[in-house]
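Undergrad: Residue numbers (our numbering), protein chains in the order written: chain L, 1 to 298; chain H, 1 to 298; chain X, 1 to 298; chain A, 1 to 298; chain G, 1 to 298; chain C, 1 to 298.
Treat the hints with care, as some may be off.
Which copy is meant is left open, so a pair is good if it fits within one copy or across any two.
[Claimed, not checked] Below are the DSS-like pairs computed for lysine-lysine, each with C-alpha atoms no more than 27 angstroms apart in a straight line:
1. K114 x K45
2. K45 x K151
3. K93 x K186
4. K12 x K52
5. K205 x K12
6. K50 x K65
7. K52 x K22
8. K45 x K12
9. K50 x K16
10. K93 x K22
Hint data in this document are derived by calculation from the structure and do not stem from the laboratory.
There are 6 protein chains.
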Amino acid sequence: MIDDSLARKAQKQLYKAAREIKLDTNILKILENPMRTLKVSIPIKLDNGKIKVFTGFRCQYNNAKGPTKGGVRYHPDVSEDEVVALAAWMTWKCALLDLPYGGAKGGIICDPTKLSETELERLTRRYTTEIMPILGPHIDIPAPDVYTTSKTMAWIMDTFSMFKGYTEPSIVTGKPEILGGSKGRKEATGRGLAIITREFFKAQKKKLKGAKIAVQGFGNVGGHAALFLSQMGATVVAASDVSGCLVNPDGLDIPELMECVEKHACVIKHPGKQIDKEELLFQDVDILIPAALEDQIH
Amino acid sequence: MIDDSLARKAQKQLYKAAREIKLDTNILKILENPMRTLKVSIPIKLDNGKIKVFTGFRCQYNNAKGPTKGGVRYHPDVSEDEVVALAAWMTWKCALLDLPYGGAKGGIICDPTKLSETELERLTRRYTTEIMPILGPHIDIPAPDVYTTSKTMAWIMDTFSMFKGYTEPSIVTGKPEILGGSKGRKEATGRGLAIITREFFKAQKKKLKGAKIAVQGFGNVGGHAALFLSQMGATVVAASDVSGCLVNPDGLDIPELMECVEKHACVIKHPGKQIDKEELLFQDVDILIPAALEDQIH
Amino acid sequence: MIDDSLARKAQKQLYKAAREIKLDTNILKILENPMRTLKVSIPIKLDNGKIKVFTGFRCQYNNAKGPTKGGVRYHPDVSEDEVVALAAWMTWKCALLDLPYGGAKGGIICDPTKLSETELERLTRRYTTEIMPILGPHIDIPAPDVYTTSKTMAWIMDTFSMFKGYTEPSIVTGKPEILGGSKGRKEATGRGLAIITREFFKAQKKKLKGAKIAVQGFGNVGGHAALFLSQMGATVVAASDVSGCLVNPDGLDIPELMECVEKHACVIKHPGKQIDKEELLFQDVDILIPAALEDQIH
Amino acid sequence: MIDDSLARKAQKQLYKAAREIKLDTNILKILENPMRTLKVSIPIKLDNGKIKVFTGFRCQYNNAKGPTKGGVRYHPDVSEDEVVALAAWMTWKCALLDLPYGGAKGGIICDPTKLSETELERLTRRYTTEIMPILGPHIDIPAPDVYTTSKTMAWIMDTFSMFKGYTEPSIVTGKPEILGGSKGRKEATGRGLAIITREFFKAQKKKLKGAKIAVQGFGNVGGHAALFLSQMGATVVAASDVSGCLVNPDGLDIPELMECVEKHACVIKHPGKQIDKEELLFQDVDILIPAALEDQIH
Amino acid sequence: MIDDSLARKAQKQLYKAAREIKLDTNILKILENPMRTLKVSIPIKLDNGKIKVFTGFRCQYNNAKGPTKGGVRYHPDVSEDEVVALAAWMTWKCALLDLPYGGAKGGIICDPTKLSETELERLTRRYTTEIMPILGPHIDIPAPDVYTTSKTMAWIMDTFSMFKGYTEPSIVTGKPEILGGSKGRKEATGRGLAIITREFFKAQKKKLKGAKIAVQGFGNVGGHAALFLSQMGATVVAASDVSGCLVNPDGLDIPELMECVEKHACVIKHPGKQIDKEELLFQDVDILIPAALEDQIH
Amino acid sequence: MIDDSLARKAQKQLYKAAREIKLDTNILKILENPMRTLKVSIPIKLDNGKIKVFTGFRCQYNNAKGPTKGGVRYHPDVSEDEVVALAAWMTWKCALLDLPYGGAKGGIICDPTKLSETELERLTRRYTTEIMPILGPHIDIPAPDVYTTSKTMAWIMDTFSMFKGYTEPSIVTGKPEILGGSKGRKEATGRGLAIITREFFKAQKKKLKGAKIAVQGFGNVGGHAALFLSQMGATVVAASDVSGCLVNPDGLDIPELMECVEKHACVIKHPGKQIDKEELLFQDVDILIPAALEDQIH
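Can you make the complete structure from the sequences, with help from the hints?
TA: See the structure below:
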C-alpha cells in the first residue's frame, strides 16, 4: 500500500481511533484490511458495434454488523485504492450509528459523460452480472454515488431480479420511488447536513440566522444543504461546481440557482460575480460545506 | 499495469499470437484482461493465540471453454500480478489442448515454511471459505501448486464439502488417491515432460540415448522428468534446487538422488561434485529442463 | 384472439385508457398481452378409484409492480380466455391503488359441486404442484375466488410448505385465520363496496339513508355489502342468487337472509315475494350491486 | 380441441395404439393430454428501436421416462396446437427407443427470414429467460428445429449459463461442436433415414442399387439422406424445396446440388429440368422421402 | 417408552387435556409423538489434542403453527427422553399463547463446567453443523437453556451465517444485543414470573406486599423474579442454588445477593443463615418459585 | 447402549479389528458411534379413514468415503439399535471393497403384511418426505431390504423427484429396470454368494460338484444362490423359509421350488419331505447358506 494512498489514509485514521479506544490488537488486525475486493472486466458492445472492456470493482470492507452497503461510482479516477478507502469509511459510518450494516463501495473506471444511455445501461447490467456472486439483500446492497442515479439503481435491481426470477427491490437503495424507493431520499444527505449544522450552532450557542456559508460542489448534496440552510436563515455567499464559482456577500438566491443547475448542469450560467473555483475554500465564511469529491482539505 | 510485470508479459505474448492468427480485435479485447480477480483477507489464529491476517487471491482469467482450473500457490512472492499471469497461461494451456476448461490461479502471500501444519490447515480452510462464492465443480476447480500438496487439496475439499453438506470430490484435482484422486497424478507432469522430450528427439531425428540433460529444480516435476528420461537412456549431468547444484558428466544416479531429496529435501546432501546453482543454466547439455519457478530464462 | 372474448374486451379497455393517457406505444405493446400463461393437466384419483384428468391454468399478466396476485377459480366455464382477462384486470386494480403487486389469475375446469372434499383436496394439491415452478411469495400469490375458499388456500399453503420443508404462510392470501390469515378478510370485499357506495353518495351530495339497493349475487361479497349498507341506512329491495330473486320494496331483512343462505345456500328458501332472477337487473333502484360473475351488464 | 387439429391427430394415433396394446385406461387418460404448456410474451427491441412482442410456447408432453427433450421452431405458422402435437410425437419417439427422455417441443410465432441476426439473438435470449422456470438439464432440454440452428442453441446455452453462473453445455443438444456439440450431429437425421431405407430394402429382399428416390425438402435432412442413399447406389430422380422441384430420371448430381443449396439456399438455381413442386409427391419412384414440414401426405 | 420417563409424563398430560377438550383422536395420534428427533455424534479436538465424541440431540415436536423454537441444553443428564418432553412442552407453551411457532428442544450430553471456552466453542460449532439440515429461520430456531448463554447463541449464529454466506440474526433468539438480540431478554423470564405472580395475587384479592417467597434455583430466572417481586413489596425469605440455601425471615437483600452470585456463582458465599438446600421446598411461604431444573415437585 | 444389543455387537467387532490393525484411537472414537440417526413419526391415513402414526429411522453411520448407502427395512422388529448396527456393517462393507460410499440403514416399525398396497405407498411416500432433509444422490441413497422391493424404491424415487421438480433416478438403487434400475440386480446378491462359494471351494482345493447345501431363507437371495450353485453342480438338500423346511438328500429341484415360492410365497407348498424349520441349521451339509435375518448363528 503506497503511503499517500486513500486506503492508507483510512488505515491511519483507524489506528488513531484504535489507540484512542485501546482497541484489542487482534480486532484491529481484522479491521485494517478489507474483507474482500472483487475486480472484474466488463466487456460491452458500444453503440458503434465495437467491444470495449471496462474495469470495475466492488470492495466489501467488513460485514460483522450485517450486510454491507455502499455506493457505486462511475468516474475515470475510480481505482481499487479509492473503493477500498470509501468502503472502510462506509463501515465506520454505519457502525457509529449502530446500523445493522457493514461497509462496501464499488466503481467502474469510465467517463460516463462520454457514454450514451444505452451504453451506460449495458455497462451497469454487465457489471451487476459480474459481481452477482457477492451481491444480495443479505450480502451487499449497492446505492447511487458519483455519476450514478436512481436510474442506475433501477438497472441493477432489474438485472438482479431477472436472475432471481422475481422482483427484488431490497437489492439496492436509492432506486426510483415507483420501484419502491424511499420518499425524500434525493434530498436526504443535504437535509442531514443542514440539520447537523443547525444542531452544531445550537450546541455552540451561536446563531445560524445570518451565518455565512460557502458550498463546494453545488450538486444534489450541496444544493439541498444550501437550500435547507438558507430556509433556516443562513446566507449562502459562495457556491462552486466543476464549471466555476459564484459569490454574493448578500446571499445567493438558492432556489433560482438550483433551477439553473437543473437546466444547465453548471452554476456559472447563473448571473452574478464569479471567482476562480479554487478560491471557494478560502472565502471568509462561518461554515464551509465541502460537497464535491472526498479528500479536498489538507 | 507495469510494463515489466508478469501479467504484461502474458499480454504481450497474447498480442503476438493474435497478430499471427489475425484474431478478431473484439475477441482480443476480451482476452487481454482477466475476467475477475478476487482479493481476500484471511484472518487466522496462530498457534500462539494471536490473530494474523494474510492476503489471498483467486483470478479466473476466462471461462469460455468451461469451468476454470488452476493451482493455488503459497509463497511470500505471491502477488495479484503473478496470479493474473499464471491464470492467463492456464487459459492458453487448456485451450491449446481443447480441454473443456478455462484458466484460473490462486495464491496466498505467506511463508509456508514458517507455519505449523495446524496453521496451514486453518489458513487453507479460511481461504477456501473466503473464495467460496466463486468456487464450484462447474465454476472453478483448484489444484496443487508451489508449496501446496494433496493434503492442501484435501482441506479445500473438506471445507467445500462441509458447506454443501455432502462429500464433493470434484471440487479439486490433485487430492489424495484415498479421497478419489487420480492415480499417477504425482508423477504426471514429469512424465509428460519426458514423453514430450522423447517425441521431440524423434521429430528431430536425434538419439535420446546418451543425450545430456540438466534439471533446474529437482523437485516433484524435475525429479520425475529426470527419472523417466534416464530410464529412456538419457544422461542427467546436472541437477539443482534451492540448496545448490550437483554435477556428474557420467550421469547422476537419479533413483538415489530422489531418495536423498525425499529424506533431506535438498540435493546437496547427496555425495558428488557441487557447483554454484546459478551455473546450472550454463552447462553444456542437449536438454535443459527448467522446473523451478517461472520466468528463469531471459 | 376472438373478437368477443373476455381477453379481447380487457384489451380494448386498455387501448381506450392508453389513448386517454397517451401511453407510450412501446409500453402498450407489452401491456396488451399476458406475460405468461401456464396450462397444466391435473390427473387425480377419484373416490371410485378411477383417474380423471382436469385442465388448469395460471396466467401471470404483468409483474412490473411486484409479485403477481390473483384468485384461483373452480368452475366448468373456466377457460384460458377468462383467466387472461381476469389477470389483466387484477393488474390494473393493483396498479391503480399503487400496491406493490402485479396481476394474475388461475382456474381449473371442473364442477366443484360434483367433487367430494377429498377429491377437491387432491385436485388442489396436484394443481399446486403443477404450477409450483412459477409460484412463490416473491413470484405469484394465489387467493380464493369463485368456488374456492380459505380451506382451498390452506391446501395450497400446505402443499407449498411441504415442498419447501417449512411452513410458508405468505404463499397465499385468504387462508384461515388460524394459519395466519387476516382478520376481517371474509367480509372485506363487501365492506369495501359499502364504503365506496357511501363515499359516492357523499360526493354526489345525496343521502344514502333510504336509498334503494338491488344485489345480484347474494353470496359472500353481495351479502356483506348488503349488510353494511343496510346498517348505514340504505334499503335492500332485491337480492338474487343462482336459485332465484327475492324482492321487498320495504327492504329485506338482511341478517335473517344471510342466516338463511348460510343454512340453505340459496336465497329463495327465505320467505317473501320472488321474481325471475333475470329481472333483478331491471328493478327501479338507486344502486345496483352486481356481485355475481363478471360481464353481466351490456 | 378442434377435430382436424394436429394435436387431435396425435391423440387419435394414440387411441389406435392404445387399443392395439390394450393400454390401461387410467394410463391412457394421462397420456392423451400434455403435462404442461407454457405460453409466453417475448418483448424485444427491434433494430429500429421499437418494441415488438412475439408469442412463444413450450410444451412438455410427458416426463415419465426422464427429462423432456425436443426442438424449438421459429415459423409464422407455429401454434399451441402444433407444439402440443410435436411434443406428443417426441414422447412416443423417445419411448419407442427406450431413451431415458420424455417429449417436449417449443416455438415462437415469427418470420425468422425478416429478422436480423441481432434481433434473432435478442428473441432467443428473451424466450430462454421466459421459459427458464421449466428448463434445465434434468427438466427439459431444447434442440434445433425448423429455422433454428446450432447458433440458436449456443444463445440458449449462453443465456442459461449466465443465469446459473457457470457454463452448462447439457442444457441443449445440437450446439456447435466448439461448445461441446456432438460430432456428426448435422448429418445424423439424414444418415438415419438412409440407413433405415437400406435396412428396409434388405428386409424386403429388394435391391437398393438403382432404386429411384424423390426427396421433398432438400434441406439438411433431405439433402444428407439423398447424399448417403446415392452413395449406397440409389438414384435420386427428384428433389424439391420451397423454391421449386428439380427432376432427372438418370439421377441428380447430389454433391453438386448440395453445394448449390449451400450457396443459393434453393434447388432451382441448379441447372436441369424443373417441374411444379407439388408434383414431386406424384413421381414414379421406389422411395419417397418427405423431409419438409410434417403432415404432407393424406 | 418407559412409564416413568419425562416424555411419558408429557404424553399423559396431553391425554388428560385431550379428554378435557374432547380432542379428535386422529389429531391426538399426531400430537402424542414428536415429529422428528435427530441424534448426532459431535467429534471435537480437546485442548489436549485428543478427539472426544459427544452425543447431541435436536427434537422438533410439532411445526403446525410455524417454525419450531426451543432451547439447547448442555448437561450430563441430557437424554433423548428429556429433549422430547421439553420439546412437547415448548409446543404447548407456544400454542397456548397462539404464537406462530412450534416447539423444539436440543441438548448435548456433556459437563460444560469441565470444558474450556475454546472447547465449548468447537462443541457448539460442530453441533450446529451437524443439525444444519433441519435448522433455519423458517424451520427451527434455537435459544439458550441450561448452561448455554448468549455467547453460545452467537457461536450458533456465526456458524450458520458462515454456511449461508451472510449474517443471519434470525437463526437464534437470546443472542447478544450487539448482534441484534432483544433488549430485556436476559431478565424476561424472571420478569414474567413476577408479573404473573402479581396478577395472581390480584385475582385472588390478596396482598403481594409482605407476602413470603422462597426461590429454588437463584440463577438468571430465579434471581430476576426475586428482584422484581421484592421491588413489588414481597419478602424473599429463602433462596437456594446448587451450593446450598440461604434463609432470612425478614427478607434477603436481593440486589446484594445477585451481586454475590455474579461474583462467586453460588449463594452461600453471601453472609446469612444457611439450611440444607433440600429444605427449601418445605419452607412456610406464600409463594414457592421452582426455578431450577424441571420435575422437582411430586 | 445395552451390552447385548446389535449396535454393541457391531462396536465390539470394530474394536477387535481396530486392535488388529492398530487403528489410531482418535479415528476409532469417530468410528465407534453413528454420525447421525434421524427418528421420525409417519402419520398416514389408513384405508379405513383413520390416522395411524408409525415410527421410522434413518441412520447414516459414516460418510467419509462418499454418500451413504443402505437399505430400508419394513418389519415389526425394526429398532434404532438394529438400524445403527446394520448401518455400521454397511459402512465396513463399502469400505472393504473401496467403494466411494459410506454406510446407512433405515427402517419403519410396521407389519407390512397387514398393510394394503395403497397404505404401503402412503407410508413410503411420507417416510421419504420426513427424511428428505438428509436424503440426496450426493448425501444418502436408499435401497431395498427386508419387505421392501423395487416398487418401494419407485415410490421413494417418485416422491423425491416430485420435490425436486425433475426425475432423479440416482436417489435409489434397486429400482425397477424401466425406471433406470440395473439389469441383474434382483439376482445379484444370490449370484455373488454362489460365485464366492465356488471360489472358496477352488481355494480349498475341494470339488463343488456334488457338495451338499442347506439354504436358510429361500427368498430372493437364498433362492438365487441355490439356483446358481445347483447349476454349478452342487446339491441343495434343504431349504427353509418362515413357513417351514423342505429336505431331499438327492437334491431339491430348485427351478420348480422357485416357481412354487413365486406362486405361493412359501416353500412348504412344494411336495417333498418337511422337517421343523429350526432343524435346518443342524443338517449334515458342506455348505450352510444363512439367507434369512441377521444374527442366526451363535
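Undergrad: May I ask which of the numbered hints given earlier this structure violates, with the numbers listed in increasing order?
TA: 5
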